[in-house]
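A.B. asks: Relying on the hints, combine the two individually framed chains into one complex.
Here the protein sequences line up with chains A and B, keeping their order. The working numbering puts the first sequence at residues 6 to 116. The working numbering puts the second sequence at residues 82 to 193.
None of these hints come from the bench; they were simulated from the model. Where hints are given, some of them may not hold.
To be verified - Capping the alpha-carbon separation at 20 Å, the derived lysine to any residue pairs in SDA-like fashion look like this:
#1 A:K8 with B:T161
#2 B:K138 with A:A6
#3 A:K21 with A:S58
#4 A:K115 with A:S46
#5 A:K8 with B:G123
#6 B:K138 with A:Q7
#7 A:K8 with B:G121
#8 B:K138 with A:R100
#9 A:K8 with B:G139
Unchecked claim - A partial selection of chain B residues facing chain A, derived with a Cβ cut-off under 10 Å:
#10 E129
#11 G139
#12 F141
#13 D180
Computed from a prediction, not measured in an experiment: that's the story for all the values here. All residues carry an ideal CB built from backbone N, CA and C; glycine is no exception.
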Amino acid sequence: AQKITQTQPGMFVQEKEAVTLDCTYDTSDQSYGLFWYKQPSSGEMIFLIYQGSYDEQNATEGRYSLNFQKARKSANLVISASQLGDSAMYFCAMRGVYLVFGAGTILRVKS
Amino acid sequence: KAGVTQTPRYLIKTRGQQVTLSCSPISGHRSVSWYQQTPGQGLQFLFEYFSETQRNKGNFPGRFSGRQFSNSRSEMNVSTLELGDSALYLCASSEQGADTIYFGEGSWLTVV
Numbered sequence: 006a007q008k009i010t011q012t013q014p015g016m017f018v019q020e021k022e023a024v025t026l027d028c029t030y031d032t033s034d035q036s037y038g039l040f041w042y043k044q045p046s047s048g049e050m051i052f053l054i055y056q057g058s059y060d061e062q063n064a065t066e067g068r069y070s071l072n073f074q075k076a077r078k079s080a081n082l083v084i085s086a087s088q089l090g091d092s093a094m095y096f097c098a099m100r101g102v103y104l105v106f107g108a109g110t111i112l113r114v115k116s
Numbered sequence: 082k083a084g085v086t087q088t089p090r091y092l093i094k095t096r097g098q099q100v101t102l103s104c105s106p107i108s109g110h111r112s113v114s115w116y117q118q119t120p121g122q123g124l125q126f127l128f129e130y131f132s133e134t135q136r137n138k139g140n141f142p143g144r145f146s147g148r149q150f151s152n153s154r155s156e157m158n159v160s161t162l163e164l165g166d167s168a169l170y171l172c173a174s175s176e177q178g179a180d181t182i183y184f185g186e187g188s189w190l191t192v193v
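Extracted from the complex, chain B is given alone in its bound form (with noise of 0.2 Å):
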């Protein structure tokens, strides 16, 4: 069974830029869930889908949207791109009410 994947692995941009993420999700796993790592502030939540309805959304500007399509696959946008968003961007899937939740390998974005 193939795991969580995520693509670009890696990517630079330049400021004012957009950048969009892909995340497919283990086969059968509808949830999606997305996160940003920092140094500075270590793992935040960003937002939650489900079945392709955001379920909850974390403490982030507008500049930060995603989507969920009908296959379950995640895609995460970030739009006039900054400095500070420069991080690893992790996806998460699991099934509904699982007690495991899987990480692909992340998207590393530097923002120039």
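So that you can see chain A by itself, here it is in the shape it has in the complex (with noise of 0.2 Å):
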């Protein structure tokens, strides 16, 4: 069975700081996808990255990179220059069948 682990219920941010949001799996899978999302309040749930268990680069999309270390199986997200809207709630989520999520992390940015 795969299992997503967040230890970090919550995290504070001051605003243009970086941040990383920790993120460990647990699979048997050789092939896998690791995803993080944000939710903010209205409950929307917002793609941010991907990182395929085959890449060999940390994924990166703007501000959001994935810090992948496949034998510690972790999937890190680290966002840089935050922002006051980057304050929600963060997934770490695993695709096998289907997406299975962790607990998440709220993350408060302070001005």
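C.D. replies: Structure (structure tokens):
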């Protein structure tokens, strides 16, 4: 069975600073995909970034980058230059037959 | 390109009633999946449809059902509503084998 663990229930970051949200995973599959989503209070799940298990380069999308360490089974999200609008819940997820989500991390950006 | 559209956004139902939620995927996407999100259980997979066929189903009772139409639009139905069915129901769409899965804004269901 696949499992996603997000150990940080909540995080604070100062505006314009970088922040890392932790995600570890467990799977016996050789091929898998890892996702990060942002969920503001409105409820919409916004796709941020994807990393395939065979991708050698860490994925990047604008201010978002995924620090993928396959041997350690971790897929941490790094947000650079935090903005007030980044305040939201962030979910790490893994795709097997379907998406398995972690419990999420609430990020609060302080001005 | 329009995103994933879910209707209605908010609804309140009474215990014992039934509810139907609708999801229109991104144009060209044939895979549609549904998830339930609650504070206690987090995000849980309900079912996935591809080309009008249910491909996978999560661990939910038979009161939860769904279908997909030829235009890839999908509906999910919950019969005999219980208080515990109060949740955010999220629909996601993707192209087959694609690396990205997009979600809609969700339907907030409150059962009273």
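A.B. asks: Hints the structure violates: just list their numbers, smallest first.
C.D. replies: Result: hints 1, 3, 12 break, sorted rising.
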